[in-house]
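Whenever a hint applies, use it, and build me the whole structure from the sequences.
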Amino acid sequence: MKAVTGIFASFEQARRSAEELTAAGISDERINFLTPGASAAKIDSVPSTAGEQPGMGKAVGGVVGAATGTAAGAPLGMSLASVIVPGVGPAIAIGLAAAALLGIGGAIGGAAVGGSLENALTEGLPKDEIFVYEDALKQGRTVLFVFADNEDQAETARGIFERNGAESVDAAREQWWVGMRDAEQEHYIREGQDFSQDEKEYRIGFEAALHLSTRGSSYDEASAYLRSRHPDIYRKDSFRRGYERGQRHYRSLADHSR
Numbered sequence: 001m002k003a004v005t006g007i008f009a010s011f012e013q014a015r016r017s018a019e020e021l022t023a024a025g026i027s028d029e030r031i032n033f034l035t036p037g038a039s040a041a042k043i044d045s046v047p048s049t050a051g052e053q054p055g056m057g058k059a060v061g062g063v064v065g066a067a068t069g070t071a072a073g074a075p076l077g078m079s080l081a082s083v084i085v086p087g088v089g090p091a092i093a094i095g096l097a098a099a100a101l102l103g104i105g106g107a108i109g110g111a112a113v114g115g116s117l118e119n120a121l122t123e124g125l126p127k128d129e130i131f132v133y134e135d136a137l138k139q140g141r142t143v144l145f146v147f148a149d150n151e152d153q154a155e156t157a158r159g160i161f162e163r164n165g166a167e168s169v170d171a172a173r174e175q176w177w178v179g180m181r182d183a184e185q186e187h188y189i190r191e192g193q194d195f196s197q198d199e200k201e202y203r204i205g206f207e208a209a210l211h212l213s214t215r216g217s218s219y220d221e222a223s224a225y226l227r228s229r230h231p232d233i234y235r236k237d238s239f240r241r242g243y244e245r246g247q248r249h250y251r252s253l254a255d256h257s258r
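Just so it is clear: in the sequence shown, position 128 is 128 by the working numbering, and no numbers are missing.
Hints were generated in silico from the structure; no laboratory data involved. Backbone N, C-alpha and C define an ideal beta-carbon position, used for all residues, glycine too. A portion of the hints provided could be inaccurate.
Unchecked claim - For each label pair, taking beta carbons as the anchor points, the in silico distance ranges come out as:
#, residue 1, residue 2, range
1, Arg235, Arg190, 36 to 42 Å
2, His187, Glu151, 38 to 44 Å
3, Gly89, Asp237, 21 to 27 Å
4, Glu191, Asp149, 20 to 26 Å
5, Gln193, Asp170, 24 to 30 Å
Claimed, not checked - Here are the simulated lysine-lysine pairs, DSS-like style, with alpha carbons at most 25 Å apart:
#, residue 1, residue 2
6, Lys138, Lys127
7, Lys236, Lys200
8, Lys236, Lys138
9, Lys127, Lys2
As structure tokens, then:
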């Protein structure tokens with residue numbers, strides 16, 4: 001399965017896209033939302049075809065609560081959880097994969113989903129971009145991602161997202177770095193380094209520190225993973241400086257969420 005992701009300025013745009021996805025024949029259990037702390041009215045507006053299963057679990061930054069549905073018409077017929085995301089605050093994860101992406105997973109799969117689908121979805125999670133999704137949530141935007149069975153279905157999803165005003169993950173990632181760049185450039189130059197020459201590797205290292213697999217891990221602790229992902233540059237000083245700076249950035253976000 002292939003994950004297709006869109007970032008929307010409003011929940012309404014994402015909700016409308018979800019309706020079009022289901023109308024196009026994409027199963028609602030393959031549609032997932034991440035949205036800033038949401039009202040009951042907002043959540044109830046998501047189209048569904050089945051009752052939601054009870055769910056609760058552990059989330060990044062700690063669980064503030066888990067919502068459970070007991071009647072037909074609950075969101076997407078899947079798991080719904082309210083969580084605290086470091087640097088963002090309250091957020092809602094709708095759908096098994098969305099919950100798993102925020103670290104909830106496990107207990108919230110629900111009997112209606114089943115282990116095989118849970119495994120298939122979580123294996124295809126777009127994990128490396130989680131810091132982009134968190135930044136979108138911080139700005140009040142909604143992330144919608146869908147798991148397509150084939151390229152035709154993926155292209156259908158992309159078209160629906162585009163018609164409803166979605167920004168691509170790549171564009172959102174660039175905007176995120178634009179917001180970070182000046183401070184990082186100033187810091188790097190202050191350390192006597194050449195940012196104009198090293199920016200690419202520094203940025204890759206910075207982003208690598210924000211991946212789910214490395215958060216909270218020192219450079220040495222994460223070295224095996226970093227070697228597997230970035231074999232040509234992970235030993236470079238510019239990459240390591242970026243990684244260590246990214247770790248400090250994430251710790252700062254987590255501290256501000258407490």
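Against the structure, the hints come out as follows:
1. About 23 Å separates the C-beta atoms of Arg235 and Arg190, a value inconsistent with the hinted range of 36 to 42 Å.
2. Range check, His187 to Glu151: about 42 Å between beta-carbon atoms, so the 38 to 44 Å window is met.
3. For Gly89 and Asp237, the hinted distance range of 21 to 27 Å is not satisfied, since their beta carbons lie about 35 Å from each other.
4. Taking 20 to 26 Å as the suggested C-beta distance range, the pair Glu191 and Asp149 does not conform, at roughly 48 Å.
5. For Gln193 and Asp170, the hinted distance range of 24 to 30 Å is satisfied, since their beta carbons lie about 27 Å from each other.
6. Distance check on the hinted pair: Lys138 and Lys127 sit about 18 Å apart at the alpha-carbon level, within 25 Å; holds.
7. For the given pair, Lys236 sits about 12 Å from Lys200 by alpha-carbon distance, which is consistent with the 25 Å threshold.
8. Among the hinted pairs, Lys236 with Lys138 is inconsistent with the structure: their alpha-carbon atoms are about 32 Å apart, more than 25 Å.
9. For the hint linking Lys127 to Lys2, the alpha-carbon distance of about 13 Å falls within 25 Å, and the restraint holds.
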